[in-house]
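As a plain string of letters, each chain reads:
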Amino acid sequence: MTTVSAIPEYLARYSDVCTQGAEQLQTWVRTVLTPSLLAYENGGGPCVAEAIDANVARQVAAAYYTDRDVRTVGQAFLRAGGVLVRGRNQPIRADGKAVETFVQMLRKEAAHQAQIKAGAALAHELPTVMNAGERQRVERELAKHADDPYFCAGFFNSLNVRQIEQFLAQPGNIQPLVSAYASGVLTEATTGHVVEALSRLVGRDNSVEHNHITPEQQIALLNALRSNPTAALNFANSLSAAQIRHLFYGEASLNPPLRSTLLAVLTTAMGNVDGQPRAHALMHKVSQALFGEGAPKLTHNEMKPLIGPLMQFYAAGVTQSQTPPPGADPIALRRWAEGLGRQTGQGLGLFLKAANETGDEHELLKSMIQGGYVNVLFMPTAVLAPEALIGNIAYTAGVGAAQSLFSSEMDPLTGLLDKLFPGGSHANTSLLNDRLAVGGLSLTVSSLISRGLVHPAGSNTPVSFGADPVKNAELVKKIMLHPDEYYAGKKDAQGHEPPSITDLTHAYRDLELGEISKALGDPDYEQPD
Amino acid sequence: MPPKYDFAAAARLSQQLSQLVEKLDWFIWLRNGQRHTLFGSPHSDNWQGAKRDRFEIEFQRQQKALTALKEAALRYQSQVNSATTAARAAEKAEKTKH
Numbered sequence: 023m024t025t026v027s028a029i030p031e032y033l034a035r036y037s038d039v040c041t042q043g044a045e046q047l048q049t050w051v052r053t054v055l056t057p058s059l060l061a062y063e064n065g066g067g068p069c070v071a072e073a074i075d076a077n078v079a080r081q082v083a084a085a086y087y088t089d090r091d092v093r094t095v096g097q098a099f100l101r102a103g104g105v106l107v108r109g110r111n112q113p114i115r116a117d118g119k120a121v122e123t124f125v126q127m128l129r130k131e132a133a134h135q136a137q138i139k140a141g142a143a144l145a146h147e148l149p150t151v152m153n154a155g156e157r158q159r160v161e162r163e164l165a166k167h168a169d170d171p172y173f174c175a176g177f178f179n180s181l182n183v184r185q186i187e188q189f190l191a192q193p194g195n196i197q198p199l200v201s202a203y204a205s206g207v208l209t210e211a212t213t214g215h216v217v218e219a220l221s222r223l224v225g226r227d228n229s230v231e232h233n234h235i236t237p238e239q240q241i242a243l244l245n246a247l248r249s250n251p252t253a254a255l256n257f258a259n260s261l262s263a264a265q266i267r268h269l270f271y272g273e274a275s276l277n278p279p280l281r282s283t284l285l286a287v288l289t290t291a292m293g294n295v296d297g298q299p300r301a302h303a304l305m306h307k308v309s310q311a312l313f314g315e316g317a318p319k320l321t322h323n324e325m326k327p328l329i330g331p332l333m334q335f336y337a338a339g340v341t342q343s344q345t346p347p348p349g350a351d352p353i354a355l356r357r358w359a360e361g362l363g364r365q366t367g368q369g370l371g372l373f374l375k376a377a378n379e380t381g382d383e384h385e386l387l388k389s390m391i392q393g394g395y396v397n398v399l400f401m402p403t404a405v406l407a408p409e410a411l412i413g414n415i416a417y418t419a420g421v422g423a424a425q426s427l428f429s430s431e432m433d434p435l436t437g438l439l440d441k442l443f444p445g446g447s448h449a450n451t452s453l454l455n456d457r458l459a460v461g462g463l464s465l466t467v468s469s470l471i472s473r474g475l476v477h478p479a480g481s482n483t484p485v486s487f488g489a490d491p492v493k494n495a496e497l498v499k500k501i502m503l504h505p506d507e508y509y510a511g512k513k514d515a516q517g518h519e520p521p522s523i524t525d526l527t528h529a530y531r532d533l534e535l536g537e538i539s540k541a542l543g544d545p546d547y548e549q550p551d
Numbered sequence: 032m033p034p035k036y037d038f039a040a041a042a043r044l045s046q047q048l049s050q051l052v053e054k055l056d057w058f059i060w061l062r063n064g065q066r067h068t069l070f071g072s073p074h075s076d077n078w079q080g081a082k083r084d085r086f087e088i089e090f091q092r093q094q095k096a097l098t099a100l101k102e103a104a105l106r107y108q109s110q111v112n113s114a115t116t117a118a119r120a121a122e123k124a125e126k127t128k129h
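Just so you know, the sequences run in chain order W and B. Position in the first sequence (first residue = 1) + 22 = our numbering. Position in the second sequence (first residue = 1) + 31 = our numbering.
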């Protein structure tokens with residue numbers, strides 16, 4: 023996490039003073055300078071190729087937009103800083119990524135002000151506690167704008183928690199909420215209200231001041247979010263680890279399908295995450311929420327139905343982290359493999375630790391592993407259009423090779439696993455990870471091939487995929503079975519030799535399993551930031 | 032036939048190009064001063080991080096471009112003044128001929 027700081031009031035003052043200055047200058051150029059230039063040229067003065075007034079207007083406009091944006095950054099700091107008490111003009115410290123997210127949100131809000139205001143105006147027609155007639159009238163109006171994400175966002179952002187509970191208890195209002203999430207401008211407060219609404223199940227408490235959601239409506243809402251990848255991603259990003267934990271272990275989870283459905287929404291979100299750092303951040307947040315310090319322990323029976331959905335989530339996260347660095351620099355490729363291994367290990371560590379702690383003799387995991395779970399691993403990523411990441415051909419080849427390797431009983435990690443987990447005390451969890459690691463590696467090798475980076479020893483001609491998926495899978499398998507005979511990248515100007523696939527595999531798995539062994543071996547393990 | 036050289040328009044434009052230089056000077060000063068007073072150095076807690084770094088790059092580029100515009104305005108003013116001098120000489124020569 024990169025911490026950044028700012029005094030929002032100072033940013034606002036700079037922005038206001040400088041944009042006013044720019045406006046004054048622009049007005050003078052438009053009303054005084056340009057007419058004088060025209061009068062001069064019309065009065066026999068020579069024309070100049072570069073119109074000075076247009077050049078001034080362009081540069082002042084550039085300064086204006088930069089300076090206007092400074093105010094937006096200040097507002098983003100206010101949002102990222104959350105509710106905090108600070109002295110007048112004291113700096114706010116916040117996570118750089120959070121500030122960036124809020125800057126994007128504020129820009130979208132600025133671009134769609136009219137729709138957002140119209141949605142807010144509809145919400146403001148509502149009294150704090152609605153009667154059925156008022157609610158239905160507003161619902162009919164809202165339904166007309168269900169395809170306008172910004173109108174819907176303006177509407178839901180203006181509702182209080184009671185009103186959101188009341189709205190979300192009605193089946194017709196799911197789509198406008200999904201649409202609102204797709205806008206990317208729903209506030210954290212609104213997400214907080216949605217989490218509360220999802221948690222108030224019918225029949226669980228008798229409080230008359232709240233509206234209660236039926237179990238069916240709760241699941242329908244999550245499934246609707248899942249069906250819209252953009253909405254699912256924005257929902258996942260807006261949830262804090264505490265809110266995910268609240269949904270997963272709190273009253274909402276008294277509805278049995280809640281946990282797996284929520285994980286399905288998070289998996290859809292993961293499949294649409296933009297880039298490795300964000301994938302890692304989402305894995306980190308979910309791991310912390312579900313298995314981090316203070317999280318309730320799941321029993322054997324509770325964990326059993328969740329292993330599949332959890333594997334789908336983590337598999338999507340691992341897949342999102344595959345993209346190699348640009349170029350063929352041997353050092354960059356080694357560092358990439360190390361970073362990928364470390365991050366994957368950190369992402370999976372808490373989950374594997376929790377899985378390891380359920381059941382007395384790991385029967386659950388044993389049955390999962392024996393149950394052909396390569397399919398469990400790859401099924402979700404097949405749904406999530408992996409060609410966007412590494413190309414369809416490379417993906418198919420990677421999956422084919424991994425499946426073939428498992429069926430041939432080959433276990434490339436046994437030696438290292440024995441070293442890291444002596445006495446087999448974590449054998450089952452290690453096998454679990456084995457599948458993930460080999461799956462990850464096969465995809466990694468495939469992505470390197472598809473980028474033309476892999477060549478056999480003694481040759482500079484890269485291997486490549488063809489039209490036959492079986493042959494492609496065989497090529498990946500051959501490379502994984504003979505990793506010393508293939509190299510990735512090119513020798514650089516300083517004479518660094520390209521790493522072999524073995525080198526990359528070691529770099530990846532040493533760090534990945536190192537992180538996991540820390541998680542399994544240390545009862546107080548905490549996920550690094 | 033080209034229009035008759037408008038000496039009043041030329042004088043007005045020349046004066047306004049001087050004003051443009053002053054206004055650009057003022058705008059550059061305003062931005063520099065506000066930035067220095069309110070934000071401090073790029074590592075000040077008043078504002079630091081990736082957004083500040085990006086702002087600094089854009090800010091410096093824009094200030095340089097604004098300074099270049101001042102120079103362009105002065106060059107253009109010099110051309111206007113030269114054209115005016117030439118037109119006066121031509122007018123005088125024309126009068127002498129008649």
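Misleading hints may appear alongside valid ones.
Which chain W residues stay away from chain B? Per the calculated CB distances, all over 12 Å, these [to be verified]:
| id | residue |
| --- | --- |
| 1 | Gln46 |
| 2 | Ser58 |
| 3 | Ala61 |
| 4 | Val78 |
| 5 | Tyr87 |
| 6 | Thr94 |
| 7 | Lys119 |
| 8 | Glu156 |
| 9 | Lys166 |
| 10 | Arg226 |
| 11 | Ala350 |
| 12 | Pro352 |
Calculated pairs, DMTMM-like style, for lysine to aspartate or glutamate (alpha carbon to alpha carbon, straight line, at most 25 Å) [to be verified]:
| id | chain 1 | residue 1 | chain 2 | residue 2 |
| --- | --- | --- | --- | --- |
| 13 | B | Lys101 | W | Glu315 |
| 14 | W | Lys500 | W | Glu519 |
| 15 | W | Lys130 | B | Glu89 |
| 16 | W | Lys540 | W | Asp525 |
It should be emphasised that the hints constitute simulated quantities derived from the structure, not laboratory data. Every residue, glycine too, gets a C-beta built ideally from N, C-alpha and C.
Hint by hint, here is what the structure shows:
1. Gln46: Glutamine 46/W is in fact no farther than 12 Å from some Cβ atom of chain B, at 8 Å.
2. Ser58: violated, 5 Å
3. Ala61: violated, 4 Å
4. Val78: violated, 6 Å
5. Tyr87: It is violated; tyrosine 87/W is separated from chain B by about 9 Å at its closest Cβ, not greater than 12 Å.
6. Thr94: violated, 10 Å
7. Lys119: violated, 9 Å
8. Glu156: Holds, because the least Cβ-Cβ distance between glutamate 156/W and chain B comes to about 43 Å, which exceeds 12 Å.
9. Lys166: holds, 39 Å
10. Arg226: Since the minimum Cβ distance to chain B is about 44 Å, arginine 226/W lies beyond 12 Å and the statement holds.
11. Ala350: At roughly 28 Å from the nearest Cβ of chain B, alanine 350/W sits farther out than 12 Å, so the non-interface label holds.
12. Pro352: holds, 29 Å
13. Lys101/B with Glu315/W: violated, 61 Å
14. Lys500/W with Glu519/W: holds, 22 Å
15. Lys130/W with Glu89/B: It holds: about 22 Å lies between the C-alpha atoms, which stays within 25 Å.
16. Lys540/W with Asp525/W: Within the cut-off at roughly 22 Å; holds.
Checked against the numbered hints given earlier, the structure breaks hints 1, 2, 3, 4, 5, 6, 7, 13 and satisfies all the rest.
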